[in-house]
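Colleague: Please build the complex by placing chain B on the supplied structure of chain A, with the hints as guidance.
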Amino acid sequence: MTTFHTILLLLAAVLAVFWEAAFPGTSRWLRAQVDLLPALMVYASLCLGLPATALLAVCGGVMFDSLSANPLGVSILPLFATGFLIHLRRELILRDQPFAQFVLGLAASALAPLLTVLWLLTAGRTPLLGWGSLWQWLVMSVAGGIATPIIFLMFGWCERLLGHRRAVESSFRSDREIRRGPS
Amino acid sequence: MSKRSHYMVLGLVGLVVLVLTNLPSRTSTRLKLAIGSLFLPLIGLVSAAQQTAGNAASALAPRGELIRQNEALRHENQQLRLQAIQAEETARENERLRQVIGWQKQNTWKAKLARVILRDPANWWRTVQIDLGSRDGLRENLPVLANESLVGRVSSVSLTHAQVVLLGDSNCKVAARVDNEAHDSGIIGSGGPFDASLVRLACFSRTTTLKPGQNVLTSGDGGIFPKGIPIGKIVDFRAVEYGLFTEARVKLAANLGALEEVWVMMP
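Protein chains in written order, with numbering that gives the first Met the number 0: chain A, 0 to 182; chain B, 0 to 266.
Simulated from the structure, these hints should not be mistaken for laboratory data.
Fair warning: this is a prediction, and the values are worked out from it, not measured in the lab.
Backbone N, C-alpha and C fix where the C-beta goes; we use that ideal spot for every residue, glycine too.
Don't take every hint at face value.
Said to hold, decoys possible - Computed footprint of chain A on chain B; a stretch qualifies when at least three of its residues, placed anywhere within it, have a C-beta under 8 Å from a C-beta of chain A:
hint	segment
1	14-28
2	50-58
3	92-101
4	125-135
5	181-194
In isolation and in its complexed conformation, chain A is listed as follows (with noise of 0.2 Å):
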């Protein structure tokens, strides 16, 4: 993990906030808000150390809270549960499939609006819900689902594009070439 990749993570979180908050379109079009943080989450926690994925929680949960009804700091939990869930068993994920990632960001992104509901409900709150809430619940889930290979695509794309390129060495040195024949 670098700084650069943390960076472009948080950047990433922003602008994933900002674009929920500021284009309703999924909202207008399919009556339910997308939310991208869980399939950041999944980035995270595949490709990134444990640090960048709690920062990730942190400041991607209370940017969202900001913006929202919710009291502050009570998505930063079940962004955190997902990611951590998905760290544990980084090993065994084959992180470069995209079937893959579309069924962790289908998970994540389903267990993340979950956890946060019923946080909400348990600290007396009392969310919209119906049973519309299950058609928006199945909408983000899928939508995350899709998001999630698109955000692998991207972040590889701008670690080619900006990240510094690893030195690839040769087997092949010339102070220890074998020459044949008279010289």
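Modeller: Below, chain B without anything else, positioned relative to chain A:
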């Protein structure tokens, strides 16, 4: 990464959550508004882009269409001026009569136009942020209107922007009355998560004379919303609580899903 580091990160996140969720309500609201202010440059950027696009579209509008619209607006303006003169005269007469009877003078409200800049990113709340703040004279609990009908109230105010909680959210309850002979009254409560245009009107007595299509207005009780602001129309109603009360569904007059500009009523 070692197990010890895992525990450290877990502990730190837990501590942050514990501190943030246990902040006093006032501090928490201020902190939320301060963090929300970090998005102001992005909001400005988007507004500028939209304005540029709007200007470009205006430049492309045909001249004939603009002249026709101008003419229609001029006619409407003349009619509204005449109505305003009549209304002024009625208001003066009303004031004189109030003085004669000894009724309390009614406050006049000023409306301030605000632009909706952000919407709640969570599906389970119904709030928006507007571009007026305490520097524009806004304070909590001021009524907010769009298309001459109620949409909500100001719930928290920062220097440059404010949060408006919309009708249908569980934190926005409005005392309302139905425009019928019995003047049935009740409370506008939360709506469903799916359809933002429908809200519930509850706490009627059994003997109501409700009919679909009747207008619902603010009753003025509760002290937040002035009397007589249109809310919507009755869609249907049913008996609840073993027939002790009636609950009606109200179709809101304003389209909450497509709010672009709103009016904040200031005393």
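Colleague: Take the hints in turn and mark each one as holding or not.
Modeller: Verification of the supplied hints:
Interface restraint, the segment 14-28 of chain B with chain A: holds (7 residues with C-beta to C-beta distance below 8 Å; minimum three). Here's how the segment 50-58 of chain B fares: 0 of its residues keep a CB closer than 8 Å to some CB of chain A, so the rule of at least three is not met and the hint is violated. Against chain A, the segment 92-101 of chain B contributes 0 residues with a C-beta closer than 8 Å to a partner C-beta. That does not satisfy the three-residue criterion, and the hint is violated. Look at the segment 125-135 of chain B against chain A: 3 of its residues bring a Cβ nearer than 8 Å to a Cβ of that chain, three or more, so the hint holds.
Check on the segment 181-194 of chain B: 6 of its residues sit with their Cβ under 8 Å from a Cβ of chain A, so the three-residue criterion for coverage holds.
The earlier numbered hints that this structure contradicts are 2 and 3.
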